[in-house]
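J.: Produce the entire structure from the sequences given, and follow the hints as far as they go.
One letter stands for each residue in the lines below.
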Amino acid sequence: MDISRREFIRRAVALGLSAATAGTLFSLLSCSERETPATITVPTPGPPPSAPPIPAPTSDPQPSAPPVPAPSPTPSPEPGHPYMAVARGKSPTAMVQSAIKALGGIERFVKPGNDVIVKPNICVAYRSPEYAATTNPEVVGALVALCMGAGAKRVRVMDNPFGGDTKQAYMRSGIDEQVRTASGEMEVMSPIKYKEADIPQGLDITNWPVYSDVLNADVLINVPIAKHHSMARLTLGMKNLLGVVLQPNQLHINLGQRIADLTSLVRPALTVVDGVRILMNRGPQGGNLDDVKQANIIIASQDIVAADAYAATLFGLTGADIPAIRAGAKMGLGTMDLSSIKIKEISV
Amino acid sequence: MTPVSSSKKPAKTPKKWQRIRQAVQILALALFLYLLLGTQQGSTTILPHDLFFRLDPLAGITAMLAGRSWIPALALGGATLLLTLVAGRAWCSWLCPLGTIIDWIPSRQTRKYRPDIHPYWRQVKYFMLFATLVGAALGSLTLLIFDPITILFRTLTSAVLPALNIAVTAVESWLYDFRLFQPAVEWFDGLVRGSLITEQPFFLPNLIIAGVFVGILVLEAVRPRFWCRYLCPLGGLLGLCARVSHIRYKVDEEKCTSCQRCATICTTAAIDPQQKFAANAAECTTCLDCMEVCPTKAISFQGQWGSKAYPFYDPSRRQFLASLGAASIGAALLWFIPFITRKEPRYVRPPGTTEEQLLSKCIRCGECAKVCPTGVIQPGASAAGWDELWTPTLVTRLGYCDYSCTSCGQVCPTEAIAELPLKEKQRRVIGVAVIDRERCIPWADGIECSVCEEVCPLPEKAIRLDHQGRGRQRDRNAVQRPHMIPERCIGCGICEYLCPLNGESAIRVFPPGEDQHTV
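Heads up: the sequence lines are chains L and D, in that order.
Under the working numbering, the first sequence has 159 at position 159, and the numbering climbs by one with no breaks.
Under the working numbering, the second sequence has 420 at position 420, and the numbering climbs by one with no breaks.
If you're looking for bench data, these hints aren't it; they were derived computationally from the structure.
Bear in mind that the values here come from a model prediction, so they are computed numbers and not experimental data.
Hints are supplied without guarantee of correctness; some may be wrong.
[Stated by the list, open to error] Pairwise CB distance ranges (calculated):
id, chain 1, residue 1, chain 2, residue 2, range
1, D, Glu199, L, Gly332, 51 to 61 Å
2, L, Leu246, D, Ile105, 38 to 48 Å
3, L, Thr318, D, Asp466, 33 to 43 Å
[As the list claims (entries may be wrong)] Over the 10 Å line for every Cβ pair with chain L, so calculated as not near, a few chain D residues:
id, residue
4, Leu31
5, Leu65
6, Val185
7, Gly194
8, Gln302
9, Glu356
10, Ala418
11, Pro421
12, Leu465
13, Ala478
Idealized CB from N, CA, C, for every residue including glycine.
T.: See below:
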């Protein structure tokens, strides 16, 4: 033997390492723990734990039919139109179409070539539509379809969820799918577009960073869902506008007045309150199907205060019970006196 | 020794291998960055996003040693060891992304051969390696903070990308004020936001992480590849294997003119002019630069069986044992001292892990921090317990644990964070929120505020608002105040994150008093 001890150790180590490596590679081939194209999956919550989901109304003959703009004989605003339209029925799409038609057609609000933004309530990424935490996707889809049918240049739909990823929230709410089907765009609100804006009529806040595209759009359509809210009591159209500002949490101090102040700056041309399913308790996120009530109603008006006041009645309240509505009416942003306005009630 | 003509310009030979190697380096770094950026919710990468950690044998060996378990995903490190047995430390100059970046730092160009600062410096990397291994054997992975792959990943994730987010957003925001630029800015923003730019907040202690990285680059001024030559524990491990590698540097002494070009170009100074231009196989990174620079083609890389006498800067047995002993004592102290002072968890941790689990399983890679969509997971830095340095912690004022997300458990290469099913995660208690009534707006100032209650994601909220009084006596005009229901709280921290107070939140999440449990 002419090898030194050191040389022997060296060879032994080499042999050992080779064996270990070979074993490793072999074991790799035999047990591949994860599939190679690694996808970091977005977990989907299973079906609701307790009660089965409330079946979405499906009696609509063409639930996801392409946009059929309600043919309106009077495309221009006429004083003869009702101040508010309230549609009741089984199909969200049909309710939206008939309510808008009763107001004089979407052409009253959207002109060809307009840049339209639709603002639903997509508050979190955790809840599917049956929990009534987010605006009914069919209602949003129907509105987008109407706007596109009226010749809008583009229709963007956006919200800024406070909980969870925005894209996931868009998808889980079902709104993403409906909007795409109706040829609209979902926009993830970019931090670069919030610009400090003056609120000249504001009583509590006189300026705030607001999403500039919302202020610059030709038409803003506000599509809240009617929900219980612990402090505001209800969250409706005016409260829904908190989704277009930076740091909406900071507005929760003196909330009612601040909502009204913001409403004086951000003026939707049309407010459509989704009352297909409403959240009676534990709002604004819910999470219990027991708290969801099938109300099957759509309220549409160009007056955000009036629409909210009507929606309050779904919860056995009046506009005067809700601080934001009270403050809005006082500032002259609209009326909460439902007896003074012309309301058209439709059943479809 | 024949006189050296170092002033003569090297002949312009086509540097084929150098170009090939640079191309491979760029591709490997690009793959590293692609996989890093692909570590994102809902994204799919063509290769496993943690490929480089799987290929890292140091991470693999130590994680399996400390965790006392076989981790199949990390067995791929064996391939790197095999590569080293065949071709020496080629990993270092061909594949290592940190090595590539170091190569790009313009270090002081030398026209003359510069010997080592001191050959003993070479021992430091073995000391690092032994300390890391002994620590792992004792159940602590603390020293993996010096693994080159974790260093680069952690720096990019925790310092570079958050800084990039702030810078790009500021510039875009400013340009967006000009109507002329708006379409271009909008287009660019849509391109980078969500992929390159994510909503990662900058956690100030991460400056230390950036500092380590910058330090490694600054050391280039002392000697090229200072980190790789003297310090890198992975380099030490591969160096041990490379001593018996098959393909090795060989110099034909008859052709050699002792021009010293090879020794001058060698980035790790593996070639020793004093030893007839033989190379130290443990230090040679098989970059092949010497082969191409040699004017007489005296240098070749050939398969060689058996081992001739190499002029290793070989540790004597005594040195070897001394460094092993010092490493053991150091590692034992590291592991032991914090252990006796630890009484209860000090940090809120991601769901699916415990402090003990993190100590012995977390390789400090930063994958969880990268994938976290809210940026709540940050590398923990605490003077009190540096054994858990840069393990994932939840900084609930910077972000919150998303109620519908299980990403951190999905990406963890060592299962230090278990992959929980969503339902399980939504019940896993990681902390508990406590309201500070001295600061809370309704409690302290009598002004209404309900943000914490509103944002609580639980179907049965852990915060309730109450008027004073009960039933008919309830004063509807009085301000509602938040109350905790601690047994419901899972510690996600969205209440702390969104509390509208400036500075510290009036509701804060603390680690649970006992071990994690579910509600």
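J.: A separate judgement is required for each hint: does it hold in the structure or not?
T.: Results for each hint:
1. D/Glu199 - L/Gly332: 51 to 61 Å: violated, 39 Å
2. L/Leu246 - D/Ile105: 38 to 48 Å: holds, 40 Å
3. L/Thr318 - D/Asp466: 33 to 43 Å: With Cβ atoms ~24 Å apart, the hint is violated.
4. Leu31: holds, 14 Å
5. Leu65: At roughly 13 Å from the nearest Cβ of chain L, D/Leu65 sits farther out than 10 Å, so the non-interface label holds.
6. Val185: The claim breaks: D/Val185 does not keep its Cβ more than 10 Å from every Cβ of chain L (closest is about 7 Å).
7. Gly194: The assertion about D/Gly194 is violated, with a minimum of 7 Å to chain L.
8. Gln302: holds, 17 Å
9. Glu356: D/Glu356 is indeed farther than 10 Å from all Cβ atoms of chain L, at 23 Å.
10. Ala418: Correct as stated: the minimum Cβ-Cβ distance to chain L is 14 Å, above 10 Å.
11. Pro421: violated, 8 Å
12. Leu465: At about 5 Å from chain L, D/Leu465 fails to clear the 10 Å cut-off, so the statement is violated.
13. Ala478: Per Cβ check, D/Ala478 is outside 10 Å of chain L; nearest 13 Å; holds.
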